[in-house]
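Single-letter residue listing:
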Amino acid sequence: DAKTTQPPSMDCAEGRAANLPCNHSTISGNEYVYWYRQIHSQGPQYIIHGLKNNETNEMASLIITEDRKSSTLILPHATLRDTAVYYCIAVSGGYQKVTFGTGTKLQVIP
Amino acid sequence: GAVVSQHPSRVICKSGTSVKIECRSLDFQATTMFWYRQFPKKSLMLMATSNEGSKATYEQGVEKDKFLINHASLTLSTLTVTSAHPEDSSFYICSARDRDSTYEQYFGPGTRLTVT
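Keeping their order, the protein sequence lines are chains W and U.
Residue numbering for the first sequence follows my numbering, beginning at 1 and increasing consecutively.
Residue numbering for the second sequence follows my numbering, beginning at 1 and increasing consecutively.
I should point out that these hints are in silico values taken from the structure, not numbers from a laboratory.
Hints are not guaranteed to be accurate.
To be verified - Here are the simulated lysine to any residue pairs, SDA-like style, with alpha carbons at most 25 Å apart:
no.	chain 1	residue 1	chain 2	residue 2
1	W	Lys3	U	His85
2	U	Lys41	W	Val91
3	U	Lys42	W	Asn19
4	W	Lys105	U	Ser89
5	U	Lys14	U	His85
6	W	Lys52	W	Leu80
What the hints assert, rightly or not - So, partial list: chain U residues that the calculated Cβ filter (under 8 Å) puts toward chain W:
no.	residue
7	Val11
8	Leu44
9	Leu46
10	Phe107
11	Pro109
Glycine included, each C-beta is placed from N, C-alpha and C at the ideal position.
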């Protein structure tokens, strides 16, 4: 699976949009971009995933660049409960296993 | 949504004893389950992949005789830490892949193991 690169930490004001970037320049054609988050001392929570097209669900939006070398997770109105470590992962078709990187620690500030 | 449970949520054991952690998929069948370990302020590290009815596949550096994995049914996998030592103290997390979904993987809440 392709390696992903994320900033180690970010701050976001409560109520504002949180934009979390991820670089995956070596991603291959059959690899999906997955986002998970982990709130302190809990198991990871699935957020969203995509292949080529932008995706949106009740939690977030995922913007993938046309060349698929990077993506951005958008939390439209961040709340204090969104404070967590966010992981961007490239997962190959067939989905054999998920390898976590170091993620981005998002701190939502009141 | 799909739910994965783990039991116990916390366990304290003495050095040299064995501890069993259960991972259950509550409302779906999981042909594949994964076990992770997470040390404080570190990312999750995959330990092994278990497929129902077959032997687990361990990641490099993980001792298969120390971390025994059993996946006897489509809803249950167990991880047994044998002869536990203080350095095995960690947060253990399982995940399960829905048999009917190609890509979805659901994570349990984790088990905090402390070896004294």
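Violated constraints from the hint list, given by number and in increasing order: 1, 6 and 7
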